[in-house]
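Asker: Each chain is listed here by its residues.
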Amino acid sequence: MMDLGILSIFTEPSFYLGALRLMVPITLAAIGEIITERSGVVNIGLEGIIMLGALSSVYVGYFTGNLYLALSAGILAGIAVGILHAVISIYLAGDQVVVGVGLNLFAYGIGVITLYLTWGTFANSPIIPKGAQIPKLYGFSPFVPFTIAVGIAAWYIIERTSVGLRLKAVGENPRAADSAGINVFRVRFLATVTGSVLASLGGVFLGLDWLASYTRDISAGRGFIALAMVVFSRWNPIIAVLSGFLFGFLFAVSLSIPSGIVPDQVIWSIPYVATVIVAAGFVAKARAPAALGKPYKRE
Amino acid sequence: MKYWKQIADSFLSLIAGFFVGGIIIWLAGFDPILFYQGLLIGAFGNLYYLMTTLSYAAPLMLTGLSFAIAARASLFNVGAEGQSYLGALAAVSIGAFLAMPNLAHQLLIIIVAFILGGLLGGLAGWLKVSRGVNEVVSTIMLNYLSLYLSNYLFTYQFYDPMRAYKTKDIEATAVLPFVMPGTDLSFSLFLALLVSFLVYVLLWKTPFGYEIRAVGLNPTAASYGGINVRRSMIMSMFISGGVAALAGAFEVMGRFHCMDTELTYIKGYGFDGIAVALIGRNHPIAIIPASILFAMLKTGVQAVQRYTSVGGRTGVPLELGLAVQGVIIVFVALPSIIDMIRRRMR
Amino acid sequence: MKGIRKIYPDGTIALRGVDFSVNRGEIHGLLGENGAGKTTLMNILYGLIPPTSGEIYLRGEKVEIKSPKEAMENGIGMVHQHFMLIPTFSALDNIILGKEPLSGPLTVDRKSARKEIEMLMEETGLKVDLDTAVENLPVGIQQRIEILKMLYKKAEILILDEPTAVLTPIEVKELFSFLRKMRDSGKTIIFITHKLKEVKAIADRVTVLRRGEVVGVRDVKDVEIPELARMMVGRDIKMKIEKKPPSLGEEVLIVRDLWVRDDRGREAVRGLSFSVRSGEIFGIAGVEGNGQSELVEAICGLRKVDRGSIILCGVDVTGMNPMKLYSLGLGHIPEDRHKWGIILDFSVEENAIVGVHRSRKFLNSIGLMNGREIFKWTDKIVKDFNVETMSLKTPARSLSGGNQQKLIVGRELSKSPRVIVASQPTRGLDVAATEYIRDLLLRMRDEGRAILLVSADLDEVMGLSDRMAVMYEGRFTGIVDPERVSEEQVGMMMGGISIGGIS
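Protein chains in written order, with the working numbering: chain A, 16 to 314; chain B, 6 to 351; chain C, 12 to 514.
Any given hint could turn out to be false.
DSBU-like cross-link-like pairs, simulated, lysine-lysine; straight-line CA separation at most 30 Å [unchecked claim]:
id: 1; chain 1: A; residue 1: Lys312; chain 2: C; residue 2: Lys184
id: 2; chain 1: C; residue 1: Lys165; chain 2: A; residue 2: Lys312
id: 3; chain 1: C; residue 1: Lys80; chain 2: A; residue 2: Lys312
id: 4; chain 1: C; residue 1: Lys391; chain 2: C; residue 2: Lys404
id: 5; chain 1: C; residue 1: Lys391; chain 2: A; residue 2: Lys309
id: 6; chain 1: B; residue 1: Lys210; chain 2: C; residue 2: Lys165
id: 7; chain 1: B; residue 1: Lys10; chain 2: C; residue 2: Lys315
id: 8; chain 1: C; residue 1: Lys350; chain 2: B; residue 2: Lys10
id: 9; chain 1: C; residue 1: Lys255; chain 2: C; residue 2: Lys232
id: 10; chain 1: C; residue 1: Lys211; chain 2: C; residue 2: Lys255
Think of the hints as simulated: they come from the structure by calculation, not from any bench.
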């Protein structure tokens with residue numbers, strides 16, 4: 016067998032399994048944000064929501080040792096934050112970007128405070144009991160097929176159902192949708208909360224599976240990478256899944272390649288460079304929903 | 006007239022923050038009064054503490070100014086972290102590896118640092134204006150890039166073979182002298198104050214700054230007035246980045262005279278700067294006391310543990326102090342955040 | 012509709028007790044100029060706006076229509092002036108939006124929808140391409156899609172708001188024959204327009220609205236265009252504004268064969284040529300939406316010119332940046348002061364120098380802004396123009412609308428412009444401020460400046476102008492002397508009939 020050197024990592028099945036797991040949080044968040052943005056709302060707070068999803072599920076998981084309670088906690092966190100964002104941005108017509116940034120800061124702070132008050136540490140929480148961790152099927156996490164399924168379901172809903180048609184209409188021309196009898200605020204509200212729940216589930220995965228604990232840097236920019244992925248996938252959930260694989264792959268490469276010819280730092284920065292390139296539309300520029308980011312006001 | 010209201014709001018939030026912080030301390034089983042006493046003494050109690058507090062105010066002032074400048078153009082520069090790293094990079098590379106006479110050496114570092122940070126910020130500005138990339142996303146990504154770039158160069162190019170994980174010390178000609186030997190406070194504070202003043206003048210006393218503020222408040226009316234909106238936005242990001250870079254450069258030149266390869270010495274100033282800017286309502290003059298407040302919490306909290314160890318009980322641990330610091334910051338920053346959210350509602 | 016009243020929260024009275032009725036199976040024209048209330052009335056019928064008071068009876072029964080959905084359920088459909096279409100959707104998706112046929116729990120059954128729509132297209136003769144994205148289709152087709160939308164949702168009463176504004180003459184003919192077909196098959200059509208010829212051509216009966224009141228209802232065959240024109244525009248009291256005769260100087264603003272596109276890419280200004288002399292007020296009247304805004308924006312450097320040229324004080328300024336124009340002698344009082352003219356969070360001082368903020372007189376020797384000079388400048392404006400404000404440092408937001416406008420006017424006039432373009436200068440102002448601004452404009456004219464006045468308020472234009480043009484579909488239908496022209500003639504010009512007139 017020839018010595019492939021560095022490239023030998025590509026022959027290890029664990030590499031690919033790792034890549035699959037890496038794609039889960041960013042893809043879930045991206046799909047959620049696609050739904051939200053398609054309705055015309057932009058949620059910069061994905062990073063914070065991921066953190067809160069992780070935090071709430073780890074917290075509950077730690078004390079109850081029960082997977083289902085922990086999952087529910089994560090989902091509830093997603094709903095709560097989604098409602099908060101929706102109320103301020105949609106009903107009160109506040110600046111969506113500021114709300115999102117505020118969410119991020121808030122989540123970071125809450126995470127740090129909770130870390131200390133609960134576990135007396137500033138770094139990592141202890142590993143949660145086995146009962147709360149997500150079990151593996153055949154060596155890989157059920158979240159992976161779940162993510163893929165969510166992507167497909169989202170695509171189907173958006174393209175083939177009346178719900179999706181109205182969603183798209185609201186994001187492109189809310190006035191026309193209103194005139195067609197659609198409740199713009201309600202559609203946006205539901206889209207935002209759904210997106211928030213999905214992002215939160217991404218965080219739940221990080222907390223219950225990936226690290227099985229909480230740390231303050233648990234998200235490490237994933238929320239922002241998800242934002243860029245939304246643009247890259249042309250707001251199409253299936254392409255989001257595919258680009259999730261791509262980014263997962265890049266992340267995996269950056270984690271596995273031993274230092275040698277190419278310096279570590281170059282490898283580590285690949286996902287982030289890719290994000291900038293993707294967000295700038297240097298690859299595959301797509302059109303955003305026309306009403307994105309603009310609050311809707313009834314005359 | 007409206008300034009008084011804003012100051013009153015910030016003051017009230019400060020009180021509210023202290024109050025809630027006190028409750029947290031109490032819930033954790035410690036004496037809040039003792040905690041705050043320790044905080045104040047730790048910040049200002051003696052000359053050494055005072056100098057230390059002021060030494061932290063300098064970088065915070067600069068990163069705060071950075072966020073504020075971009076905010077005046079309605080842009081979110083979350084990239085002060087990465088921009089400050091580039092400043093440190095400039096300081097280390099030019100300071101340790103070039104021989105130059107005094108004054109010229111520091112000046113060169115300052116200019117290069119400003120340009121490097123400015124380019125990073127300006128890049129994000131350009132991406133926003135021409136490709137529609139949200140500047141929050143781009144600046145955060147650029148933060149990581151800057152981190153890895155600096156980390157790489159520090160570890161492989163600028164390292165000190167004698168000391169692990171540190172770069173080579175900069176030449177004496179590149180150093181910012183200490184105000185008082187034995188303390189951490191260097192000339193950087195005065196330079197930071199100077200920059201604050203210059204930023205104020207720039208924004209309120211030059212047509213260029215006037216245009217930036219106009220663009221931030223009403224871009225349509227700005228273009229009616231003949232202002233080039235895109236150019237103003239890019240330039241504001243450039244200057245914002247440049248100022249943030251100075252924070253990193255001054256820390257190297259003033260306090261440390263080197264940098265650790267993981268940049269932990271200056272990590273966090275960028276994000277803290279956002280809070281400082283919010284507390285200071287994005288105004289350069291208000292950012293000065295805001296940065297001192299923040300610095301005060303920073304040093305105070307470090308000393309609190311010792312101070313609160315009375316009668317054999319262990320004192321308030323650092324982490325709790327930091328948590329309270331966070332709470333206070335959130336409270337004082339809140340009015341500003343609410344303002345910014347409301348801006349859209351009008 | 013009986014006794015419909017609509018009063019907006021800011022006090023504007025849009026409709027003063029309007030009684031409006033339409034018979035089944037007729038085409039009913041709703042005629043009026045700017046601000047008459049026609050669109051408002053129909054928006055109430057379609058459920059987009061709630062009436063302040065009044066009742067609606069449909070087929071003899073009282074109904075409450077609180078949303079477009081309810082209007083549609085009652086068989087009312089509306090095609091607005093600005094189409095309510097989703098640009099990226101296909102025609103098919105646009106038509107079924109809101110009433111999607113379902114196969115299974117949520118899935119849209121596009122197949123059966125297509126069949127139904129194709130049948131509809133057969134019946135009505137309105138053929139459209141169902142699968143291309145609507146944004147890539149020509150405007151005439153887009154309108155057909157809007158109509159198909161109404162019919163698909165089983166509308167029996169069809170409301171069309173200024174439908175011919177976007178059509179070519181051939182398309183207008185096609186639309187009219189379609190409307191007749193619909194009427195003959197029993198549908199009821201309400202046709203909002205300001206175009207007199209159209210009313211005569213297509214309507215069976217017509218209701219004329221003026222300033223929120225019904226002026227009259229007529230059978231179209233019994234009434235002629237001049238009478239309609241008079242009804243549309245008729246003034247009981249002619250506004251008396253004391254004016255000195257103009258002392259004319261040279262032509263300081265010349266517009267030659269100007270073509271300007273609007274945001275949708277259509278030609279809003281079509282080969283317009285005119286000039287304004289110093290010492291005169293040249294007014295442009297006309298129903299809004301006929302290219303006036305685009306014309307003003309082009310002259311003031313805020314919109315690209317397609318073809319043609321603009322000459323200001325002898326210099327060709329086509330395409331120049333606004334700041335340059337201000338330095339060459341232009342003053343612009345913009346249409347929407349909150350959007351264009353004033354920066355609400357800036358102080359009075361800071362607003363007073365917009366457009367001249369880079370001028371050397373405000374800079375001191377080291378290039379910094381000279382606070383004293385700015386103060387002097389602002390102080391003069393505030394005093395000369397009666398701007399009520401607590402101090403020069405208060406934010407413009409705290410000023411009343413009238414004072415904000417006075418500030419803007421003061422600022423523009425202080426630039427010593429030779430040409431002033433005033434667009435809707437008294438819109439939204441109280442009586443005192445309105446009078447003040449009008450006086451000001453007259454004073455400027457007497458001082459020898461040239462003023463281009465664009466206003467939707469016919470009284471204002473007629474009262475202030477020395478010469479007045481009426482703009483219709485991007486062209487002038489006439490340039491007249493407001494003192495000598497009859498209401499009828501004005502109405503006709505606004506409604507599309509060209510009168511030679513003076514030039």
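Asker: Checking one constraint from the list: CA of Lys391/C to CA of Lys309/A, max 30 Å. Satisfied?
Answerer: violated, 40 Å
Asker: Regarding the pair Lys391/C and Lys404/C, is the alpha-carbon distance no greater than 30 Å?
Answerer: holds, 14 Å
Asker: Under the criterion that the straight-line Cα-Cα distance not exceed 30 Å, is the pair Lys80/C, Lys312/A satisfied?
Answerer: The hint holds at about 18 Å.
Asker: Against the 30 Å threshold, does the CA-CA distance of Lys210/B and Lys165/C hold or violate the hint?
Answerer: Not OK: Lys210/B and Lys165/C at ~64 Å, beyond 30 Å, violated.
Asker: Please verify whether Lys350/C and Lys10/B have alpha carbons no more than 30 Å apart.
Answerer: holds, 27 Å
Asker: Can you confirm whether the C-alpha distance between Lys211/C and Lys255/C stays at or below 30 Å?
Answerer: violated, 41 Å
Asker: Is it true that the CA of Lys165/C sits at most 30 Å from the CA of Lys312/A?
Answerer: holds, 28 Å
Asker: Mind checking the alpha carbons of Lys255/C and Lys232/C for me, to see if they're no more than 30 Å apart?
Answerer: violated, 44 Å
Asker: For the pair we were handed, Lys312/A and Lys184/C, check the Cα-Cα distance against 30 Å.
Answerer: Violated - the C-alpha atoms of Lys184/C and Lys312/A are around 37 Å apart, more than 30 Å.
Asker: What's the verdict on Lys10/B and Lys315/C, does the C-alpha distance respect the 30 Å limit or exceed it?
Answerer: violated, 44 Å
Checked against the numbered hints above, the structure breaks hints 1, 5, 6, 7, 9 and 10 and satisfies the rest.
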